[in-house]
Amino acid sequence: MPEFLETTLDKFTFRVAKDRLYTPQGAWVFWMKPEAPNRVRIGLADYLQQRSGDVAFATVQPVGTGLVAGERLAEIETIKAMVELPSPVSGAVAEVNPALDTTPEVVNQDPYDKGWLAVIETTDWETDRAKLLEADVYFSAMQVEAQEELKKL
Amino acid sequence: MNTDKTRVVVVPCSGIGKPFGTVSREAAYELCDELRPDSTRLVALAKLVLGDAAARELVGQHPAVTIDGCKQMCASKMVKQSGGTVANEVAVLDVFRRHKDLKPEGIAQLNEAGQKLARVLAEEVAANLDSREQPVKGASHV
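From first to last, the protein sequence lines are chains R and A. In this text, residue positions in the first sequence follow our numbering: the first is 24, and each later residue adds one. In this text, residue positions in the second sequence follow our numbering: the first is 23, and each later residue adds one.
A couple of the hints might just be wrong.
Unchecked claim - Using 16 Å as the maximum straight-line C-alpha spacing, the simulated EDC-like pairs for lysine to aspartate or glutamate come out as follows:
no., chain 1, residue 1, chain 2, residue 2
1, R, K56, R, D42
2, A, K93, R, E128
3, A, K99, A, E111
4, A, K69, A, E79
5, A, K40, A, E127
6, A, K122, R, E100
7, A, K122, R, E98
8, A, K93, A, D116
9, A, K122, A, E134
10, A, K122, R, D124
11, R, K56, R, E144
12, R, K103, A, D116
13, R, K41, R, E157
14, A, K40, R, E100
15, A, K138, A, E56
16, A, K138, A, D123
17, A, K138, A, E127
18, R, K103, R, E128
19, A, K122, R, E128
20, A, K138, A, E52
21, R, K34, R, E172
22, R, K56, R, E149
23, A, K93, R, D133
24, R, K41, R, E29
25, R, K103, A, E127
26, R, K41, R, E26
27, A, K125, R, E100
28, A, K93, R, E100
29, A, K102, A, E79
To be verified - To spell it out: a stretch of chain R is covered by chain A in this simulated footprint if at least three of its residues, at any positions, have a beta carbon under 8 Å from a beta carbon of chain A; those stretches are:
no., segment
30, 72-81
31, 126-134
The set of hints was computed from the structure by calculation and includes no laboratory data. C-beta: ideal position from N, C-alpha, C; glycine also.
The whole structure should be built from the sequences, with the hints applied where relevant.
Okay, structure coming up:
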């Protein structure tokens, strides 16, 4: 169980797992070392899943699909919007969370663990890694964004 | 015959701004006005929130079907907080997952797919009601 950074804004509480990296858009990237040093697991951060709303369907590119960082990894349809998730890394899809087929709500219920989306076998991890944010940096940026969003309510 | 024992109250979502809330209300109207007018009674969630005595009494005396627009499940929670019993807890999202082609759009006016989804949902609830006790006469809205 990872440790979390946590903030409560208005009636919303957002958590950021400390043991992984993040994209500015709110995807997390968990480096699966030492078991699989070239693989990363990817999912949605708590703030992104809460902001996007209840997930109706989550469609991830099939296993074996080659991706360059920035290409579409997944499409997530929620009650509010269609969220396109670009791949944070280059590589090939190695695993897709089988739970997404039958219980896509797991993305909302457990975004940092059972709600993962895909595992990618990376091809240029060191380059991609340098573009990702440490948890505390993402946490600060997320708080600013969340406060801005709340002003609109 | 004690009709009160077999009447079911229907409590839909009262959220605004999203098509799924509209689907829940359209489904409730379809159910209560068209499909099973004799065995259902519509109760406004807002009245339960306000603590309206008549609405609370209805919910306290009859099993409720709640139709929620999102997973916050406000209708279901409010029925329980009002002392009622939820006999059938329905979420629009769960029905949509079984009917991916019926994506609801529009809020004030649902698109055709949304209207079909509401109809499907209402029919599912009606079928569920049919598996319970025989319906009774006396439908109305509160």
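Hints, one by one, checked against the model:
1. Restraint check for K56 of chain R and D42 of chain R: satisfied, since their Cα atoms lie roughly 12 Å apart, inside the 16 Å limit.
2. Distance restraint check for K93 of chain A and E128 of chain R: the Cα-Cα separation of roughly 9 Å lies within the 16 Å cut-off, and the hinted pair is therefore satisfied.
3. This hinted pair checks out: K99 of chain A and E111 of chain A have alpha carbons roughly 10 Å apart, not beyond 16 Å.
4. The straight-line distance between the Cα atoms of K69 of chain A and E79 of chain A is roughly 11 Å, inside the 16 Å bound, and the hint therefore holds.
5. Between the alpha carbons of K40 of chain A and E127 of chain A the distance comes to roughly 8 Å, so the proposed pair stays at or under 16 Å and holds.
6. The hinted pair formed by K122 of chain A and E100 of chain R meets the criterion: a straight-line CA distance of about 10 Å does not exceed 16 Å.
7. A threshold of 16 Å between alpha carbons decides the hint, and for K122 of chain A with E98 of chain R the separation of about 14 Å falls inside it, so the pair holds.
8. Using a Cα cut-off of 16 Å, the hinted pair K93 of chain A and D116 of chain A holds, with the two alpha carbons roughly 9 Å apart.
9. For a cut-off of 16 Å, the pair hint linking K122 of chain A to E134 of chain A stands: about 14 Å separates their Cα positions.
10. For the hint linking K122 of chain A to D124 of chain R, the alpha-carbon distance of about 12 Å falls within 16 Å, and the restraint holds.
11. As the CA atoms of K56 of chain R and E144 of chain R are separated by approximately 12 Å, the hinted pair is consistent with the 16 Å bound.
12. With a C-alpha separation of about 15 Å, the suggested pair K103 of chain R and D116 of chain A falls inside the 16 Å cut-off, and the hint holds.
13. With a C-alpha separation of about 8 Å, the suggested pair K41 of chain R and E157 of chain R falls inside the 16 Å cut-off, and the hint holds.
14. Our distance criterion of 16 Å between C-alpha atoms is met by K40 of chain A and E100 of chain R, whose separation comes to about 14 Å.
15. A threshold of 16 Å between alpha carbons decides the hint, and for K138 of chain A with E56 of chain A the separation of about 14 Å falls inside it, so the pair holds.
16. For the hint pairing K138 of chain A with D123 of chain A, the CA-to-CA distance comes to about 10 Å; that is within 16 Å, so the pair holds.
17. With a C-alpha separation of about 11 Å, the suggested pair K138 of chain A and E127 of chain A falls inside the 16 Å cut-off, and the hint holds.
18. Of the supplied pair hints, the one linking K103 of chain R and E128 of chain R holds, its CA atoms being roughly 14 Å apart against a limit of 16 Å.
19. For the hint linking K122 of chain A to E128 of chain R, the alpha-carbon distance of about 15 Å falls within 16 Å, and the restraint holds.
20. The hinted pair formed by K138 of chain A and E52 of chain A meets the criterion: a straight-line CA distance of about 11 Å does not exceed 16 Å.
21. At roughly 13 Å between alpha-carbon atoms, K34 of chain R and E172 of chain R fall within 16 Å of each other, so this suggested pair holds.
22. Between K56 of chain R and E149 of chain R the CA atoms are separated by roughly 13 Å; this keeps the pair inside 16 Å, and the hint holds.
23. Our distance criterion of 16 Å between C-alpha atoms is met by K93 of chain A and D133 of chain R, whose separation comes to about 14 Å.
24. Between K41 of chain R and E29 of chain R, the direct Cα distance comes to roughly 10 Å. Compliance with the 16 Å bound is thereby established for this hinted pair.
25. For the given pair, K103 of chain R sits about 10 Å from E127 of chain A by alpha-carbon distance, which is consistent with the 16 Å threshold.
26. A hinted pair counts as satisfied when its Cα atoms are at most 16 Å apart, and K41 of chain R with E26 of chain R qualifies at roughly 6 Å.
27. For a cut-off of 16 Å, the pair hint linking K125 of chain A to E100 of chain R stands: about 10 Å separates their Cα positions.
28. This hinted pair checks out: K93 of chain A and E100 of chain R have alpha carbons roughly 15 Å apart, not beyond 16 Å.
29. This hinted pair checks out: K102 of chain A and E79 of chain A have alpha carbons roughly 13 Å apart, not beyond 16 Å.
30. Only when three residues or more bring their CB closer than 8 Å to a CB of chain A does the claim for the segment 72-81 of chain R stand; here the count is 4, and the claim holds.
31. With 3 residues bearing a CB less than 8 Å from a CB of chain A, the segment 126-134 of chain R meets the requirement of three and the coverage assertion stands.
Of the numbered hints listed earlier, not one is contradicted by the structure.
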